[in-house]
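Engineer: Generate coordinates for the entire structure from the input sequences, incorporating the hints supplied.
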Amino acid sequence: MQTTTIAPTGVSIALAGSGGSGVMTAGTVLLAAAAKAGAYGLMVRTSGPQIRGGEAAALVRLGPQAMSSLDDGFDLLLAIDWQNVNRFADEIVLGPRSVLIGDPDEGEAPEVFKATGARYVPLSLKKMAKEIPGSWINMLALGLSGTLAGLPLQALLDAVRESWKKPATLDANLKAVAAGAEAAAGVAQMLERNGGAMARLEAGLPGDKKRWMISGNEAAGFGAIRGGVRFCAAYPITPATEVLEWLAPKLKEVGGTLLQAEDELASINMIIGASYGGVPSITATAGPGLALMTEAIGLAVAAEVPIVVVDVMRGGPSTGIPAKSEQSDLSFAVSGLHGDAPRLVVAPSSIADCLGATQWAVHLAEALQAPAIVLSDQYMGQSRAIIDRPADSGMTAQRLVVEANTPDYKRYRNTASGVSPMAIPGTEGVSYTADGLEHSEAGIPSSQSKDHVLQLDKRQRKLALHDYGPYWADIEGDADAVVITFGSASSPVREAIARAKAIGVDLRLIVLRLLAPAQPTQMAAALKGARRVIVVEQNHGAQLYRYLRAWYDFPAPPASYHRPGPLPLRPAELLTALLEWRNAK
Amino acid sequence: MSPSSTPGRVQLPTTLEDFMAQALQMELDAEQRYNDFADMMEIHNNPEVGQWFRKMAVIEGKHASQIMAEMGWKEVPLSAPRAPVFEGFETPEAAPIDEVHYLMRPWHVLQLALANEERAERFFARLASMATVDSVRKAALELQQEEAEHVELVKAWMLKVPQPDSNWAEDPDPPRYDD
Amino acid sequence: MNEIVKEAAAPVAPALTAANFKSTYKPIWCPGCGDFTVLSSVTKALAIMGVPPKDCAVVSGIGCSSRIPAYTTCYGFHGVHGRSLAAATGLKVARPDLQVLVAGGDGDGYSIGGNHFLHACRRNVDMTYLVMDNHVYGMTKGQPSPTTEPDWDSKLSPGGTGVRVFNPLVVALASGANFVARAFAGDLHGTADIIAKAMQHPGFSFVEILSPCVTFRPEQRDWRKTVHAAEVHVTDDAGRAARRLMTDDGLNIGVLYAGDRTPYPASVRQPRRSVAELETEFAL
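First to last, the protein sequences are chains A, B and C.
Sequential numbering from 1 applies to the first sequence in this note's numbering.
Sequential numbering from 1001 applies to the second sequence in this note's numbering.
Sequential numbering from 2001 applies to the third sequence in this note's numbering.
No lab work stands behind these hints: they were computed from the structure.
Be aware that a few hints might be false.
Straight-line distance between alpha carbons at most 20 angstroms, and here's what the computed EDC-like set of lysine to aspartate or glutamate pairs gives [claimed, not checked]: (1) K36(A) / E192(A); (2) K210(A) / D2237(C); (3) K252(A) / E242(A); (4) K410(A) / D467(A); (5) K2225(C) / D2249(C); (6) K210(A) / E2279(C); (7) K2155(C) / D2097(C); (8) K2026(C) / E1048(B); (9) K36(A) / E2219(C); (10) K1074(B) / D1018(B); (11) K528(A) / D506(A); (12) K2026(C) / E1042(B); (13) K165(A) / E2219(C); (14) K2141(C) / E1048(B); (15) K2054(C) / E428(A); (16) K36(A) / E111(A); (17) K458(A) / E580(A); (18) K252(A) / D2097(C); (19) K2026(C) / E438(A); (20) K36(A) / E202(A); (21) K2141(C) / D1018(B).
Pairwise CB distance ranges, derived in the manner of DEER restraints [claimed, not checked]: (22) E2281(C) / R161(A): 16 to 24 angstroms; (23) Q398(A) / A2276(C): 37 to 45 angstroms; (24) E1152(B) / V2232(C): 38 to 46 angstroms; (25) D480(A) / T2280(C): 32 to 40 angstroms; (26) L456(A) / P1172(B): 33 to 41 angstroms; (27) A1148(B) / E2219(C): 16 to 24 angstroms; (28) E2219(C) / F1086(B): 25 to 33 angstroms.
The structure presented is a predicted model; accordingly, all values stated were derived computationally and were not measured.
Backbone N, C-alpha and C define an ideal beta-carbon position, used for all residues, glycine too.
Structural biologist: Next up, the structure:
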């Protein structure tokens, strides 16, 4: 809910209920319907820890522009039942202009929601659904919420048709959607008399561009395939499993393989073996899995074997909060290897960017024969959005490979770029043994100082000298007050900056995509004319702030706005913080 | 008898060609084994003994060349069946791999060589006694005689080389330091 | 191409010998180490297989035995402790055209590598795993390993671990390995034969090679006297093999199980769709 008069940013709807109520499905179909109506949208799911039957909510935001994060609050909370839905009170923020719809037969609406001043509209949803035999109550909820949000009935019906799996019950459920739409008219009238209409989508939405509906995890998987990955070893972990499950059939279709591993120690070593064999490889995991993988990632650094590891960050430390997002693996990703072990860290900044950033990571890893960690997070990974079709950057795996029978071949030969041509098994006359032990240029294990220094220099140099180009960061604006952030935080930061601009406060934004290696020259250029800097991130330890202070020079000591998950950063809180920082002496 | 050999694979040579190929292989195996020992000693900073093993390797190599010259072979024939094994697991003139020690002295090399030659002599004697083909038996007896000569040569050599002290295997630095 | 003009027949490559597979690097193993003869057996077995060194990969972990890849002329991968089977699995599944040999010791394979051992046997990918078992951690200078007798005194476990020895052959058989054998490093040719058979046998072939450690287990020199041939006539009956392995003295040498369990389907995959076609799933 906006606290300042800002241009409408669309409408936010929460559908909640316990297991069996089908709110997740309803949310997905709602998103699809919005797409049909030409709108953009985002769906975030939240649920209790139970495997089945737990409380769940679909958090949907619809609007005229692509978005990657939720708004400050919700215009509508429609609860099919109230079982443990109060658990979501921090996530589903309501205000006096919000609408609260619940079934009086399912009990009282929880006090925590009523106390917000939201307008309560009781509707006997269960009874209404029973009147249409064979219908599901969530379809009723879909028709009701979708219509209130401004979606045309046709779009809702078409979306249901396309998603429906059991033809026998389709008709009844289409009727339920229509019944919900009808009920919406009554609700709208009630609202007009009591506080005013609910926020809704504007009519005449563009929606003529080529668009996709995709989750961040799917986008990462597709980015990998576009980049040339043809091997994946998989071990499931929340919230990364979908990357792997998406890749399993798709890799096969393009001639690759996915192998399920017994643990992360296996999956990381498997992809190193496959990559040693010449096949670009990937795995995906979350914090605890990344922790298990570190020894082998160091092996990939030392033996110069390209790999990509997608880390879909979640609440930490240790087991933490598996189904919630946080940006707290940054310190670990940029420095969590024993020894001096330079590696690439790439952070996608939106659901759509999960594709491009992962594709880029594959390209970089292969070009530089190094491991690349892709720092995604649960918020992007498990959310689904309508995005403009991303163009293919064309960046693919292009490994520097040595020809057969090259005389005097040395696998780790020092070169100006630091990249040494690699011998792929099966190539005549250039066999070598890859080794985690420090080695001479020929790859012979060595404890000699000159070999160690040479190889350390080489491995660092190859990353430092590479021209990463403008994709290293997105830089927007040229004000002298600069906001630096990364990953999913960039979305609410952007919105806050837009709101600030609307009230005459100009802020420059730097969204980092390449976190490691540091880019001092590029950063200096990006900070030209800057007088003050603030770093925004979603973790407890201000990890990005400390990292930037370690590696970069700033015009003045930067400020930090940071807080941990599980709640996402919101535009309103960021606007307040940014204005306070900007206006401070 | 070698425990992992499949029964039936190991059999006596039935032609002179096969027998001589086996004898040649024995010399080559011995040469390789001495070279392996030499490598070990060099890596373990016992170059003196390393050189002794190299010398032995060269001698075996000469024996091998002799056989090839006698038989008019330009290349080592690879198709002959493997020689029978009467003692231990290996070809008679190659000392078992665990007979060496990083602190061993040149005298030990000769001791090893003596055992090799004696074993080889016993091998040919036994083969001769079991041989069913005349030419093979004759050749085996000849080679037995040669090995016997080698035995005497090594024995004589050993008299000229000082025997090691009784504490030759002591290393004040054990493999791991006990504090 | 003019059909009448036939291409000249490719020159026949000379037969490979063990020497083709041995590199010029001198092993750092102690003089007397059983691994020397294992190396010889491996090179002989590879020569028997006839696959050129460029198409062979030797994958290892960490330990004395794991230094073996660089002593061959094959492509080598010297990875981290205990993970050789995982790396080898990734390599073989991504590159089914390569001959993959995995090597290491009892600590690397049965302790830290234990989990991967189990699952590699289950997966039954076509590769051969050689464990040079000397019942000790040699590289770290003399700690008990999973195959060390429970009462073997050491600094790390004074008085012995008191823990029952691990039986890798039984575990391999139970987990799904398609070929289980025991060899003795001192028998160079016999071991070479077993390794060659293992490589020829489809699926996951496991060979436990008793390889004495002269430095930390000098008493293992006695193995020469105590190992004996396993009288095994039927090798494809898992039940019989299990009984044999559960009751043997740990010193019987030979192929103890050679089954017909289906190997993991690792073959070069043909693409069925283009990358661009995958987009249609997301397109609205």
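Engineer: None of the hints should be skipped; say for each whether it holds.
Structural biologist: Hint-by-hint comparison with the structure:
1. K36(A) / E192(A): violated, 27 angstroms
2. K210(A) / D2237(C): Status violated; Cα separation ~61 angstroms.
3. K252(A) / E242(A): Holds. K252(A) to E242(A) sits at ~16 angstroms (cutoff 20 angstroms).
4. K410(A) / D467(A): With Cα atoms ~25 angstroms apart, K410(A) and D467(A) exceed 20 angstroms; violated.
5. K2225(C) / D2249(C): With Cα atoms ~14 angstroms apart, K2225(C) and D2249(C) stay inside 20 angstroms; holds.
6. K210(A) / E2279(C): Holds. K210(A) to E2279(C) sits at ~12 angstroms (cutoff 20 angstroms).
7. K2155(C) / D2097(C): It is violated: about 46 angstroms lies between the C-alpha atoms, which goes past 20 angstroms.
8. K2026(C) / E1048(B): holds, 17 angstroms
9. K36(A) / E2219(C): violated, 79 angstroms
10. K1074(B) / D1018(B): holds, 16 angstroms
11. K528(A) / D506(A): Status holds; Cα separation ~16 angstroms.
12. K2026(C) / E1042(B): It holds: about 9 angstroms lies between the C-alpha atoms, which stays within 20 angstroms.
13. K165(A) / E2219(C): violated, 71 angstroms
14. K2141(C) / E1048(B): violated, 27 angstroms
15. K2054(C) / E428(A): holds, 5 angstroms
16. K36(A) / E111(A): violated, 37 angstroms
17. K458(A) / E580(A): The hint is violated at about 45 angstroms.
18. K252(A) / D2097(C): With Cα atoms ~18 angstroms apart, K252(A) and D2097(C) stay inside 20 angstroms; holds.
19. K2026(C) / E438(A): Roughly 18 angstroms separates the two Cα atoms, so the pair holds.
20. K36(A) / E202(A): holds, 14 angstroms
21. K2141(C) / D1018(B): violated, 46 angstroms
22. E2281(C) / R161(A): 16 to 24 angstroms: Given a distance of about 18 angstroms, which is inside 16 to 24 angstroms, the answer is holds.
23. Q398(A) / A2276(C): 37 to 45 angstroms: violated, 19 angstroms
24. E1152(B) / V2232(C): 38 to 46 angstroms: holds, 45 angstroms
25. D480(A) / T2280(C): 32 to 40 angstroms: Because 47 angstroms falls outside the window, the suggested range is violated.
26. L456(A) / P1172(B): 33 to 41 angstroms: holds, 36 angstroms
27. A1148(B) / E2219(C): 16 to 24 angstroms: About 35 angstroms separates the Cβ atoms of A1148(B) and E2219(C), which means 16 to 24 angstroms is violated.
28. E2219(C) / F1086(B): 25 to 33 angstroms: holds, 26 angstroms
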